[in-house]
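K.L.:
Read off the chains here:
Number of protein chains: 4
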Amino acid sequence: MRIAFIGLGRMGAGMARNLLRHGHQVAAWNRTPHKAQALAPAGAKIAATPAEAARDAEAVLTMLADDQAVEEVVFGPQGVAGAMQEGAIHISHSTISIALPQRLAEEHAKRGQHFVSAPVFGRPEAAESARLTVVAAGAREDIDRCRPLFDAIGQRAIVIGREPWQANVIKLGGNFMIASMLESFGEAFALMRKAGVDPNLFLEVMNGLFKSPVYENYGGLVARQQFEPAGFALQLGLKDQRLVLAAAEQLSSPMPLASLLRDRMLAAIARGQGDLDWSSATRIAALEAGLE
Amino acid sequence: MRIAFIGLGRMGAGMARNLLRHGHQVAAWNRTPHKAQALAPAGAKIAATPAEAARDAEAVLTMLADDQAVEEVVFGPQGVAGAMQEGAIHISHSTISIALPQRLAEEHAKRGQHFVSAPVFGRPEAAESARLTVVAAGAREDIDRCRPLFDAIGQRAIVIGREPWQANVIKLGGNFMIASMLESFGEAFALMRKAGVDPNLFLEVMNGLFKSPVYENYGGLVARQQFEPAGFALQLGLKDQRLVLAAAEQLSSPMPLASLLRDRMLAAIARGQGDLDWSSATRIAALEAGLE
Amino acid sequence: MRIAFIGLGRMGAGMARNLLRHGHQVAAWNRTPHKAQALAPAGAKIAATPAEAARDAEAVLTMLADDQAVEEVVFGPQGVAGAMQEGAIHISHSTISIALPQRLAEEHAKRGQHFVSAPVFGRPEAAESARLTVVAAGAREDIDRCRPLFDAIGQRAIVIGREPWQANVIKLGGNFMIASMLESFGEAFALMRKAGVDPNLFLEVMNGLFKSPVYENYGGLVARQQFEPAGFALQLGLKDQRLVLAAAEQLSSPMPLASLLRDRMLAAIARGQGDLDWSSATRIAALEAGLE
Amino acid sequence: MRIAFIGLGRMGAGMARNLLRHGHQVAAWNRTPHKAQALAPAGAKIAATPAEAARDAEAVLTMLADDQAVEEVVFGPQGVAGAMQEGAIHISHSTISIALPQRLAEEHAKRGQHFVSAPVFGRPEAAESARLTVVAAGAREDIDRCRPLFDAIGQRAIVIGREPWQANVIKLGGNFMIASMLESFGEAFALMRKAGVDPNLFLEVMNGLFKSPVYENYGGLVARQQFEPAGFALQLGLKDQRLVLAAAEQLSSPMPLASLLRDRMLAAIARGQGDLDWSSATRIAALEAGLE
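Chains as they are written, first to last, in our numbering: chain C, 1 to 292; chain V, 1 to 292; chain F, 1 to 292; chain G, 1 to 292.
One copy or two, it doesn't matter: identical chains are merged, so the pair holds either way.
Dumping the calculated EDC-like pairs for lysine to aspartate or glutamate here, alpha-carbon to alpha-carbon at most 16 Å:
id: 1; residue 1: LYS239; residue 2: ASP67
id: 2; residue 1: LYS45; residue 2: GLU58
id: 3; residue 1: LYS194; residue 2: GLU249
These are calculated hints, taken from the structure and not from any lab test.
Everything numeric in this text was worked out from a predicted model, so none of it was measured.
Using the sequences and the accompanying hints, generate a full structural model.
P.N.:
See the structure below:
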């Protein structure tokens with residue numbers, strides 16, 4: 001397929017490379033051009049604008065940092081919406097609000113274009129090795145057209161429903177689940193430290209109990225208070241909690257635990273931790289226990 | 001070893017049976033006598049009072065419902081404290097406060113008796129099949145004396161520290177971690193339902209993400225709203241949150257997420273769910289979202 | 001002074017009338033025209049667009065429902081920003097975010113126009129009888145020019161600082177204080193009802209303790225469960241909590257109590273109470289106590 | 001009347017003095033004897049034990065720090081329960097749990113004694129000048145017998161119900177209302193400080209809004225960060241939140257705001273503020289905003 005790939009950060013670069021490996025033609029664009037150029041040796045054509053990348057594409061894939069970046073790339077002066085052909089499909093992989101995919105679906109439909117939302121679970125290493133989990137929603141025929149692409153970038157694709165934004169609810173819900181686990185570790189480890197219990201022993205017991213690699217990884221970071229380098233920066237974590245709370249408000253579904261997580265991250269940012277790993281929000285529980 | 005086993009509920013019965021299988025002599029007592037008598041065919045001697053069971057024992061094991069039951073059995077008129085020989089050891093397996101093992105350690109020491117706290121992780125099936133995880137704390141020599149017993153009832157024993165009550169902090173912390181996971185599922189599922197997303201699809205994605213049998217089990221109960229029969233009754237869940245919050249207060253370590261859990265369980269009890277499974281506390285998130 | 005008054009709802013109408021009484025010339029505009037026309041007998045000139053009202057004005061006063069309404073009226077195609085003369089002043093009385101007055105200050109400055117933010121405390125009756133409290137912020141000279149207008153609409157004006165948005169922080173903070181009081185009443189009354197205590201007796205004691213007309217008023221509404229007619233609709237109350245939380249996020253100042261209030265109001269809206277008085281958010285505390 | 005007065009701290013001393021002024025005979029006892037002896041010049045008879053004070057009394061008044069002190073004084077070896085005559089009445093003025101007055105009512109009834117719970121609102125100055133508010137509950141005839149005493153110590157007595165513990169619910173609810181106000185001030189002042197707004201200006205606006213001397217007093221303490229000397233120590237404030245939460249649990253009435261208050265006070269205690277005024281719990285909001 002002829003593909004435009006917009007957004008070549010750590011996640012996007014791996015995904016684009018896997019599409020090239022599967023024989024797709026890729027026209028790439030990134031705001032900082034050198035990241036796009038890094039894909040040229042692998043066979044990507046480098047575009048000067050999102051519009052140029054999108055012009056001949058059957059599918060436009062976007063993997064960007066936030067709502068604002070997506071809006072600019074889609075609706076801006078050199079945006080893809082104005083350049084995409086009728087019948088072409090936009091696949092949004094970004095972690096964004098539920099409101100924006102609602103608008104994207106409408107606007108693309110007005111132009112005779114198709115839209116699928118397909119956020120992914122997995123870290124940059126998984127993007128590089130095509131082991132992402134793709135969570136997709138959209139019209140059935142659109143999803144079917146996307147399958148070869150999903151197969152190229154991930155190990156599995158789960159189809160959620162007909163409304164593209166429903167896939168984003170799942171992505172936001174998943175991030176909320178991980179952040180909840182972090183807070184529970186934060187409070188439990190603070191309690192252990194006040195009790196004179198070695199956090200590693202508590203973690204060992206929890207690993208035996210939950211048997212989850214996610215608990216093992218993140219629990220280890222918190223037990224060792226190892227918040228640098230940031231796998232996922234706290235300020236991005238706060239952005240995600242803001243998105244989940246906005247979804248909760250739009251859908252009238254109160255989430256007091258998400259509110260707590262937001263307040264913890266906000267406190268951590270107020271205390272200068274914005275560039276540390278988001279697991280460092282657990283330091284607020286320690287702070288309140290008089291440990292810092 | 002000559003053992004007294006006090007408390008033969010679903011957990012205790014399995015543990016006592018495994019001690020008998022390992023060739024230990026067991027004198028058993030239970031408040032409702034027929035539960036003790038069920039162990040007679042397996043070789044247990046049935047005692048008329050805790051004191052009678054404890055009189056000749058090298059080790060007295062207690063597995064009881066709450067602080068009050070332990071206090072009665074240990075310090076009551078026919079309690080074990082008055083009957084145990086000097087040098088004998090009391091091993092407390094119950095999920096109790098951190099204050100009570102502190103008192104037990106003191107009182108037994110006054111009488112020349114030893115005390116180890118060794119709460120267990122695992123369900124009745126694991127107790128029956130000797131696959132419990134034992135979390136033990138106490139003086140090193142005391143722990144060493146207990147090892148053959150831990151080997152008989154569990155698949156592993158993790159030693160936490162010198163102070164018996166430290167083992168209880170870990171047990172309470174572990175229950176808090178599970179209850180936290182339940183609340184995160186409750187809020188996420190309510191959001192999914194308001195978004196028209198099938199809870200089972202969200203669960204499938206979470207299982208792929210966390211890869212934890214605990215998430216799989218409990219997530220399934222909440223996704224299916226299957227709160228009967230109760231694996232662990234909500235009113236016992238509330239008791240545990242009360243204990244973790246009491247520990248948090250004693251150790252001056254605030255736990256806002258534990259406070260949220262307590263309030264959720266309290267609401268569920270106010271609405272008549274005390275005998276349902278504790279995972280039914282997630283119904284409060286659904287209620288607040290207008291789903292019930 | 002030659003004044004444009006934009007937004008003649010229950011609050012704005014009373015304020016505009018008092019400006020006319022003080023001899024100011026008022027050109028009025030309202031989205032639903034009949035509300036503007038109601039001011040004609042009192043001497044107001046009715047304008048067809050915000051721009052028309054603003055063209056000759058020395059001061060443009062806006063009293064609108066939310067950020068979006070202000071943005072349309074100021075920056076829309078027939079907006080006041082394009083019509084106001086150089087040197088004229090825009091006085092914003094609306095309860096809006098802290099981000100919008102920051103933008104208004106910038107945009108007006110670019111056009112050589114002045115900007116003061118002056119939200120008001122008081123209900124429609126106080127607007128009618130010129131007993132509002134005006135909380136104003138902006139450049140000193142600008143504030144001085146506004147004083148005759150503040151004198152016409154309110155009983156006192158308190159000057160907060162040089163940055164217009166600072167006045168909005170105070171307004172949002174004040175609404176947060178009232179909403180906090182409502183939640184405390186909600187939880188306390190639920191407790192009283194579960195204890196079989198007459199809520200009116202509790203209220204009598206609280207009135208003796210706090211001696212505040214605000215407690216007396218709102219406490220009475222909650223004690224009597226009298227949530228209609230709405231003095232201030234719950235959905236507007238939620239909007240204000242959203243604004244206070246957005247300010248908290250922008251200023252990195254976590255507000256867990258504001259988060260709780262938001263979640264309560266969201267639950268109340270999910271349960272169909274959006275058009276009831278915002279004090280009806282207290283029904284969620286009663287709901288959780290099993291009282292509804 | 002012949003009165004025994006047990007507990008002559010800052011509150012009790014003022015109350016006892018007013019009873020003497022009204023011509024009642026007072027036998028006084030205090031754990032630290034010199035505080036009782038200070039009442040001798042005013043005409044009090046000093047007793048060596050609670051039992052001695054209670055022996056000939058028609059009414060035994062207790063004003064003590066907490067549940068434990070009341071239990072010792074009433075049920076201890078030299079306690080009043082064993083000494084009071086049949087038909088005599090025990091009036092409990094202390095701020096205690098709702099569980100203890102339930103037990104007191106039962107135990108006194110068994111002995112043919114009467115029991116009224118009558119906690120008071122007001123500070124030591126109000127106790128000294130007989131301006132307390134008495135909140136009383138008990139059997140109607142018992143309340144009637146107490147009225148002359150209530151008239152001597154307070155400016156008004158409000159009768160709540162037939163069950164003595166119901167008066168304690170109101171007292172705890174009142175303390176919760178004040179603590180809630182403190183938290184709302186704490187979060188609002190932190191926001192003001194981050195916005196560069198003078199806290200005194202915010203307080204001025206709030207005083208205009210609420211017109212409450214309680215807001216004025218406590219708001220001033222928080223605005224000035226003046227937490228010493230302690231009018232009411234934080235550790236006593238925490239005790240009261242514990243009591244209100246225990247009442248909430250006993251009555252199955254969740255109070256998330258009370259949970260928040262508890263966690264704030266616990267954090268403040270963890271950070272060494274136990275002896276400061278309870279309004280210093282507001283420092284946690286400032287801490288989380290990065291202000292400390």
